[in-house]
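**Q** Sequence:
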Amino acid sequence: MKAYLDNAATSPVHPEVIEVMTQALKDLYGNPNSIHKIGRDAEDALEAARKDIAETIHALGEEIVFTSGASEGNNHIIRSFIKEGAHFITTAIEHPSVLRVMDYAAAQGVEVDMLSVDEKGQISLDELQKKLRKNTSLVSIMMVNNETGAVNNPSDIAPVIRSVSSKAKFHVDAVQGYMKYPVDVREMDVDFMTVSAHKIHGPKGCGFVYMRKGQRPQSLLLGGEQERGLRAGTVNVPSILGFREAVKRNEAERIRGFSHVKELKSLMIDLLSEIDGLKVNASFEDASPYILSISIPGMRGEVLLHYLSDKGVYVSTGSACTSKDTKDSHVLQAIGLSKREIQGSIRLSFQKETTEEEIRYAAQTIKEAVKFLRRK
Numbered sequence: 001m002k003a004y005l006d007n008a009a010t011s012p013v014h015p016e017v018i019e020v021m022t023q024a025l026k027d028l029y030g031n032p033n034s035i036h037k038i039g040r041d042a043e044d045a046l047e048a049a050r051k052d053i054a055e056t057i058h059a060l061g062e063e064i065v066f067t068s069g070a071s072e073g074n075n076h077i078i079r080s081f082i083k084e085g086a087h088f089i090t091t092a093i094e095h096p097s098v099l100r101v102m103d104y105a106a107a108q109g110v111e112v113d114m115l116s117v118d119e120k121g122q123i124s125l126d127e128l129q130k131k132l133r134k135n136t137s138l139v140s141i142m143m144v145n146n147e148t149g150a151v152n153n154p155s156d157i158a159p160v161i162r163s164v165s166s167k168a169k170f171h172v173d174a175v176q177g178y179m180k181y182p183v184d185v186r187e188m189d190v191d192f193m194t195v196s197a198h199k200i201h202g203p204k205g206c207g208f209v210y211m212r213k214g215q216r217p218q219s220l221l222l223g224g225e226q227e228r229g230l231r232a233g234t235v236n237v238p239s240i241l242g243f244r245e246a247v248k249r250n251e252a253e254r255i256r257g258f259s260h261v262k263e264l265k266s267l268m269i270d271l272l273s274e275i276d277g278l279k280v281n282a283s284f285e286d287a288s289p290y291i292l293s294i295s296i297p298g299m300r301g302e303v304l305l306h307y308l309s310d311k312g313v314y315v316s317t318g319s320a321c322t323s324k325d326t327k328d329s330h331v332l333q334a335i336g337l338s339k340r341e342i343q344g345s346i347r348l349s350f351q352k353e354t355t356e357e358e359i360r361y362a363a364q365t366i367k368e369a370v371k372f373l374r375r376k
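In UniProt numbering, the protein residues as written are 1 to 376.
If you are wondering where the hints come from, they were derived from the structure by calculation, not from laboratory data. Wrong hints could be hidden among the right ones.
Computed list of lysine-lysine pairs in DSS-like fashion (alpha-carbon distance at most 27 Å, straight line) [unchecked claim]:
| hint | residue 1 | residue 2 |
| --- | --- | --- |
| 1 | K120 | K311 |
| 2 | K204 | K262 |
| 3 | K262 | K311 |
Restraint ranges, calculated between C-beta atoms of paired labels, are given here [what the hints assert, rightly or not]:
| hint | residue 1 | residue 2 | range |
| --- | --- | --- | --- |
| 4 | Q218 | K26 | 51 to 59 Å |
| 5 | S155 | R40 | 35 to 43 Å |
| 6 | M114 | Y29 | 31 to 39 Å |
| 7 | E353 | R375 | 43 to 51 Å |
| 8 | F284 | E111 | 14 to 22 Å |
| 9 | G233 | E285 | 19 to 27 Å |
| 10 | Q333 | K2 | 26 to 34 Å |
| 11 | G224 | Y29 | 12 to 20 Å |
| 12 | K262 | D118 | 20 to 28 Å |
| 13 | G224 | H306 | 14 to 22 Å |
| 14 | A92 | K2 | 46 to 54 Å |
| 15 | E62 | G224 | 43 to 51 Å |
| 16 | L373 | K51 | 49 to 57 Å |
| 17 | P12 | D118 | 47 to 55 Å |
Predicted model, so just to flag it, every value in this text is computed and none were measured. Beta carbons are placed, not taken as given, at the ideal position from N, Cα and C, and that holds for glycine.
Please work from the sequences and hints to get the whole structure.
**A** Written out as structure tokens, the structure reads:
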């Protein structure tokens with residue numbers, strides 16, 4: 001048996017998504033910028049998908065810019081605001097595609113303020129209000145943390161930003177929240193939002209940036225005038241159609257999936273509670289049910305990971321984007337874990353098709369692994 005519990009890194013592509021993409025590769029091979037019929041057919045399919053995806057976040061089609069994924073989207077938005085003397089605010093637990101661009105921005109003369117988080121991974125709205133200025137140009141705060149599942153609700157954050165600065169733009173990395181939580185960009189009052197397809201059973205190398213109507217950040221890629229001049233390069237129509245199919249299937253099952261995964265996470269915690277000293281690294285009530293970060297004292301996360309992999313249980317030690325980095329997790333440091341706890345941490349992440357059988361098998365294998373490794 002095997003149990004794939006690394007869905008926060010990437011999710012299996014849905015069979016119907018593969019079918020849609022395969023058909024598109026055969027039939028819709030035209031360049032959507034070409035003016036002949038084959039090009040127009042591709043453009044029509046592209047724009048229909050754009051409209052459908054936009055509706056899932058209560059946006060207009062013209063507010064959706066397709067990208068290669070959220071790392072590109074995060075770079076695009078943050079870099080477009082960089083200028084000497086600007087002021088940015090972000091958090092200590094953001095994805096590397098945000099934090100590393102913030103480091104770059106600081107080197108270009110931008111003043112970057114970093115918000116701390118509590119043991120739940122949540123920011124203080126009071127601290128945010130104190131750090132906001134009239135001249136703050138960008139606030140970038142992720143919706144759901146990719147390592148712990150900590151949730152910071154954009155609907156709570158936006159009013160604080162607007163109360164201090166009418167100039168500041170609000171950017172949300174919603175990669176781990178989209179199609180898991182309801183997302184309404186109007187109600188959330190966000191200016192920019194980034195999403196990746198491969199986290200919701202869509203293809204890799206595809207995503208979108210929501211850009212509120214009237215916002216035209218400088219293009220990250222220079223070239224043609226695709227995506228209304230906001231993202232150069234021939235548009236990947238087959239992947240976008242696959243993305244739309246993944247969205248359609250997730251939207252139909254979002255509520256059921258959320259409830260199902262919440263039950264599975266609760267079961268996993270109950271089963272693993274037999275492990276002496278085990279610590280859950282985020283509040284069950286306040287974190288996403290799709291992500292579970294645990295620390296097991298006396299373990300090395302990477303050693304445990306390899307043992308589990310040999311038994312067909314696939315988890316991670318944290319963000320897939322930094323899994324080969326020898327540094328301790330900046331997220332777990334930010335929520336106050338000790339070095340020993342960080343080194344003994346693994347992340348399990350679920351999806352709506354994860355079964356109870358997989359959970360029970362994984363839990364039993366983890367317990368056997370800990371027992372074996374503690375004897376060595």
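**Q** So which hints don't hold here, by number, going up?
**A** 1, 4, 6, 7, 8, 9, 13, 14, 15, 17
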